[in-house]
Amino acid sequence: GIQVEQSPPDLILQEGANSTLRCNFSDSVNNLQWFHQNPWGQLINLFYIPSGTKQNGRLSATTVATERYSLLYISSSQTTDSGVYFCAVADPNFGNEKLTFGTGTRLTIIP
Amino acid sequence: DGGITQSPKYLFRKEGQNVTLSCEQNLNHDAMYWYRQDPGQGLRLIYYSQIVNDFQKGDIAEGYSVSREKKESFPLTVTSAQKNPTAFYLCASRDREVNSPLHFGNGTRLTVT
Chain A
1 GIQVEQSPPD
11 LILQEGANST
21 LRCNFSDSVN
31 NLQWFHQNPW
41 GQLINLFYIP
51 SGTKQNGRLS
61 ATTVATERYS
71 LLYISSSQTT
81 DSGVYFCAVA
91 DPNFGNEKLT
101 FGTGTRLTII
111 P
Chain B
1 DGGITQSPKY
11 LFRKEGQNVT
21 LSCEQNLNHD
31 AMYWYRQDPG
41 QGLRLIYYSQ
51 IVNDFQKGDI
61 AEGYSVSREK
71 KESFPLTVTS
81 AQKNPTAFYL
91 CASRDREVNS
101 PLHFGNGTRL
111 TVT
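For the record, the sequence lines run as chains A and B. When we follow the numbering used here, the leftmost residue of the first sequence carries the number 1, and every step to the right adds one. When we follow the numbering used here, the leftmost residue of the second sequence carries the number 1, and every step to the right adds one.
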């Protein structure tokens with residue numbers, strides 16, 4: 001099946017700093033999503049971004065499908081940005097239905 | 001408000017007992033999923049269903065069973081054959097269109113002793 005790797009595994013930043021999270025995947029995909037899991041375990045969808053660039057407030061994401069990676073940018077970090085960020089991709093061998101998650105990046109924002 | 005409801009939030013069971021986790025959605029989504037998350041780990045797919053009365057095994061289906069008798073409901077049974085059942089279980093759903101996002105419930109934390 002498709003492999004999804006995220007880096008770095010852990011990131012600790014001061015409030016106000018910017019950060020870049022990376023997601024590499026082993027096969028071409030037509031569905032890539034970024035999620036944020038808060039400290040209480042709730043998962044929120046941030047972006048659907050199989051290619052190109054999207055922005056939503058302080059967050060933006062870019063996927064370069066031909067090079068098999070995606071980046072999530074967080075600017076002017078706030079303590080509420082803390083949590084784990086996951087990317088998930090649809091395995092092309094199973095159509096668009098089987099979403100495989102990476103192991104996540106744990107982001108800690110220090111006041 | 002539309003959403004996904006998982007119940008209960010916390011569940012405790014003795015080893016050797018089967019236990020069923022509930023997942024209900026009112027988003028009118030066709031596809032539903034069950035994921036397992038272990039501490040400090042990513043999410044691993046247990047089962048998924050694209051349509052009523054049909055479901056497929058994910059990457060770690062052994063020791064689990066599901067049913068999809070109604071569009072709104074996708075219960076997961078953790079059987080006694082599952083060797084390490086203690087985990088955080090997350091249910092999700094999405095529309096079947098290519099660009100539709102995945103929506104998650106708040107999860108059930110199962111502890112088996």
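Warning: the hint list may mix true and false statements.
To be verified - For each label pair, taking beta carbons as the anchor points, the in silico distance ranges come out as:
| hint | chain 1 | residue 1 | chain 2 | residue 2 | range |
| --- | --- | --- | --- | --- | --- |
| 1 | A | Thr79 | B | Asn26 | 31 to 39 Å |
| 2 | B | Ile51 | A | Lys54 | 28 to 36 Å |
| 3 | B | Thr77 | A | Phe94 | 21 to 29 Å |
| 4 | A | Gly57 | B | Gly40 | 39 to 47 Å |
| 5 | A | Glu15 | B | Phe88 | 47 to 55 Å |
Just so you know, these hints were derived from the structure itself, not from any lab. Here the structure is a predicted model, which is why all the values come from computation and not from measurement. Don't be surprised by glycine CBs; every beta carbon is placed ideally from N, CA and C.
Against the range 21 to 29 Å, how does the distance between the Cβ atoms of Thr77/B and Phe94/A compare: consistent or not?
At 23 Å between Cβs, range holds.
Given a hint of 28 to 36 Å, does the C-beta separation of Ile51/B and Lys54/A actually sit inside it?
holds (30 Å)
47 to 55 Å was suggested as the range; check whether the CB atoms of Glu15/A and Phe88/B agree with it.
Hint violated: Cβ distance 28 Å, outside 47 to 55 Å.
Mind checking the hinted window 31 to 39 Å against the Cβ distance between Thr79/A and Asn26/B?
Given a distance of about 33 Å, which is inside 31 to 39 Å, the answer is holds.
Cβ separation of Gly57/A and Gly40/B, checked against the hinted range 39 to 47 Å:
Violated, at about 28 Å.
Hint violations for this structure: numbers 4 and 5, all remaining hints satisfied.
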